[in-house]
Amino acid sequence: MKCKLKRNSAITLSKVSQGVGSTIGAGVYILVGTVARENTGPALTISFLVAGIAAALSAFCYAELACRCPSAGSAYHYSYICVGEG
1 MKCKLKRNSA ITLSKVSQGV GSTIGAGVYI LVGTVARENT GPALTISFLV AGIAAALSAF
61 CYAELACRCP SAGSAYHYSY ICVGEG
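In the UniProt record's numbering, the protein residues as written are 1 to 86.
Fair warning: there could be bad hints in the mix.
If you anchor each label on the Cβ, the simulated ranges turn out as follows [stated by the list, open to error]: (1) Pro42 with Leu13: 42 to 48 Å; (2) Ser74 with Ile53: 21 to 27 Å; (3) Ser47 with Gly25: 39 to 45 Å; (4) Val16 with Leu65: 17 to 23 Å.
In short, the hints are calculated from the structure, not lab data. We put the CB at the ideal spot given by N, CA and C, even for glycine.
Modelling step: build the complete structure from the supplied sequences, incorporating the hints.
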């Protein structure tokens, strides 16, 4: 007996959207190199360092929150603990 699977267009659309989103997201990193080579100077390195430091500080904050509130939920859960429902 053959089992026929039912097609679900919502799942197909979801997978297509995920693929397109990852392709467009990866394109950002490719374009930065091209634009940097043609249009920028040494300030680009400094701007990447500043952005990296800001991202690291944000990551340290989330790591501290995760140690203090060890449960799933990320930013929503941390806000819920601090502010409450209302």
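We went through each hint and held it up to the structure:
1. Pro42 with Leu13: 42 to 48 Å: Once the Cβ atoms are compared, 45 Å apart, the range 42 to 48 Å for Leu13 and Pro42 holds.
2. Ser74 with Ile53: 21 to 27 Å: holds, 22 Å
3. Ser47 with Gly25: 39 to 45 Å: violated, 20 Å
4. Val16 with Leu65: 17 to 23 Å: violated, 35 Å
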